[in-house]
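Residue numbers (this note's numbering), protein chains in the order written: chain W, 67 to 370; chain V, 88 to 275.
Just to be clear, a hint being listed does not mean it is correct.
To be verified - Listed below are the simulated DSS-like cross-link pairs for lysine-lysine, each with C-alpha atoms no more than 27 Å apart in a straight line:
| no. | chain 1 | residue 1 | chain 2 | residue 2 |
| --- | --- | --- | --- | --- |
| 1 | V | Lys-143 | W | Lys-265 |
| 2 | V | Lys-143 | V | Lys-174 |
| 3 | V | Lys-130 | V | Lys-155 |
| 4 | V | Lys-130 | V | Lys-226 |
| 5 | V | Lys-174 | W | Lys-265 |
| 6 | V | Lys-189 | V | Lys-166 |
Please keep in mind that the hints were generated in silico from the structure rather than gathered at the bench.
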Amino acid sequence: MDKRGKNVLIFSIIFLLTVSFVSAGVLDFIRDLPNLITGRATSATTSLNITVGNAAPTVGSVVTIPSQSVTESGLTAVAFTFTASDTDGVGNLNDASAEASFYNPAEELRTNLSCNWLSDLDTTTANYSCTVELWYWDGSGTYTVHANISDINGAKGANDTTQFSLSETTAMVMAPNSLAWTSLSLTSTDQKSSSNPIKVNNTANKDITAGNVKVTAINLGGETTPSDYLLVDTFSVNTADACEGTPMVNGTATAVSGSTITAGNNTAGSGSEDLYFCVESVTGGISSQAYSTTNTGAWTVGVS
Amino acid sequence: MLNKKRWVLLLSLFLVFPLVYGFGVNSPYWETNPLIMYPGQEKEIQLTLQNMVGDKDMTLSAEITEGKEFASILDAGNKYTIPFGIKDFPVNIKIKIPEGVKIGDTKELELTFTEVVSDSGQMVQMSGSVGTKIPILIKSPEEVISEETPEIQTPSISLIPIIVIVLIILVILIIYFGKVKKGKNSKK
Chain W
67 MDKRGKNVLI
77 FSIIFLLTVS
87 FVSAGVLDFI
97 RDLPNLITGR
107 ATSATTSLNI
117 TVGNAAPTVG
127 SVVTIPSQSV
137 TESGLTAVAF
147 TFTASDTDGV
157 GNLNDASAEA
167 SFYNPAEELR
177 TNLSCNWLSD
187 LDTTTANYSC
197 TVELWYWDGS
207 GTYTVHANIS
217 DINGAKGAND
227 TTQFSLSETT
237 AMVMAPNSLA
247 WTSLSLTSTD
257 QKSSSNPIKV
267 NNTANKDITA
277 GNVKVTAINL
287 GGETTPSDYL
297 LVDTFSVNTA
307 DACEGTPMVN
317 GTATAVSGST
327 ITAGNNTAGS
337 GSEDLYFCVE
347 SVTGGISSQA
357 YSTTNTGAWT
367 VGVS
Chain V
88 MLNKKRWVLL
98 LSLFLVFPLV
108 YGFGVNSPYW
118 ETNPLIMYPG
128 QEKEIQLTLQ
138 NMVGDKDMTL
148 SAEITEGKEF
158 ASILDAGNKY
168 TIPFGIKDFP
178 VNIKIKIPEG
188 VKIGDTKELE
198 LTFTEVVSDS
208 GQMVQMSGSV
218 GTKIPILIKS
228 PEEVISEETP
238 EIQTPSISLI
248 PIIVIVLIIL
258 VILIIYFGKV
268 KKGKNSKK
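Bound conformation, chain W alone (with noise of 0.2 Å):
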């Protein structure tokens, strides 16, 4: 090589080691050619968004839960199962995050936060077992079951396209379950029952409306002569702590007037009605001896 290719190949190193540049290509760097005469500025500002491929779960199936029943004064357990699956794989899948509720528009959600891994069913579908539970006052109707899931990147699926039936229940507690009056003399008014109130607590989903809290009362007959009797239509009941409520007729289911018990939480104060017995007068012209139902029958107190 002669002196002056010499010189060539050290000016090219040179240049090519002070001069770097770099481009996507010969075009970029022909499009960028007058920029760098010009000096004009060849980068500006730009944000990117830049999406790593995270697919969120589905929920793809809950099974039928058939139709449901409260538990008189207590919880009703209905346990179901749901599939869940993630394109990324069953992996992604949060297990800890699968939750269900059952809802009702009238009713409170009830919801089970911590639902149960099962299985993996194949590399992407894995089964879920949820119990929800119900209590005794929800009402009845139409509920819809929602299941969700998250992933491990917070992608949430869900489902919400099974529903149940839950049934209606009539139920009661009353107490105590026998009346007595510790001073009644043949010329006795507005004696009140030494046993008021008996309590009588709606124990399932029922609303009792006005005019179906109703109490039978049957005739006392003498306990030493049977043909005299201490008929009942000198009794009554009221819903307050006082005599001159409702009238009692022998034999007759008779609504208590102004009782209602609307299903509720008995333990929170709800759903329950205290009921007052009183006798407003003896009837007259019977002996004195000892009166009861024990030959002529109990008396009822019923809610429907």
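Starting from the known structure of chain W, arrange chain V on it as the hints suggest.
Using the frame of chain W, we list chain V on its own:
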């Protein structure tokens, strides 16, 4: 000595707090979910009784308090002993709607279950009762049958042309391959 004290305390508690018992009846039909029947139709339905409160078995007597003219209790004796802890003791009812009932009418069936109690020696012995009301909506036989029969899945109309095209292609292919085979055989 300690045990004796405990027994006395327990006994006192029982005497102070009277034992509480309860029961209930469940119906698959209620005000907003009536039973739908047509005039002349006969049907058997089932109610369930539950005894989940307290600690003892209960005996209940059943009575139709409304609708005796078209309904009857099928179980013998109309008395049911419900063991404690049972939630679904069945009560079977037969309903027969008379022929002359008008379509659009609503009939009501009411059943009352009353606790059978033994006398406690008190002046007035009380028992509890629960009733359930079943509304029956009278519709035409056609409406009732259509509501009772589940829908049969038929292929959608848009699928029919595709099926026809596939069948035509299949027939053409069979004919074509049949001819090719025949041609080969004749060359031999």
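**Asked** If you draw a straight line from the CA of V/Lys-143 to the CA of W/Lys-265, is it 27 Å or shorter?
**Response** Status holds; Cα separation ~20 Å.
**Request:** With a cut-off of 27 Å on the C-alpha distance, tell me whether V/Lys-143 and V/Lys-174 pass.
**Result:** 14 Å, holds
**Message:** What's the verdict on V/Lys-130 and V/Lys-155, does the C-alpha distance respect the 27 Å limit or exceed it?
**Reply:** 15 Å, holds
**Message:** V/Lys-130 and V/Lys-226 were given as a pair; does the straight-line alpha-carbon distance stay at or below 27 Å?
**Reply:** 14 Å, holds
**Prompt:** Can the restraint linking V/Lys-174 and W/Lys-265 be considered satisfied, given a maximum Cα separation of 27 Å?
**Reply:** Roughly 23 Å between the alpha carbons, so the hint for V/Lys-174 and W/Lys-265 holds.
**Request:** Assess, step by step, whether the Cα of V/Lys-189 is no farther than 27 Å from the Cα of V/Lys-166, and give holds or violated.
**Result:** Judged against 27 Å, a Cα distance of about 34 Å means the pair is violated.
Figure legend: structure checked against the earlier numbered hints; the only hint not met is number 6.
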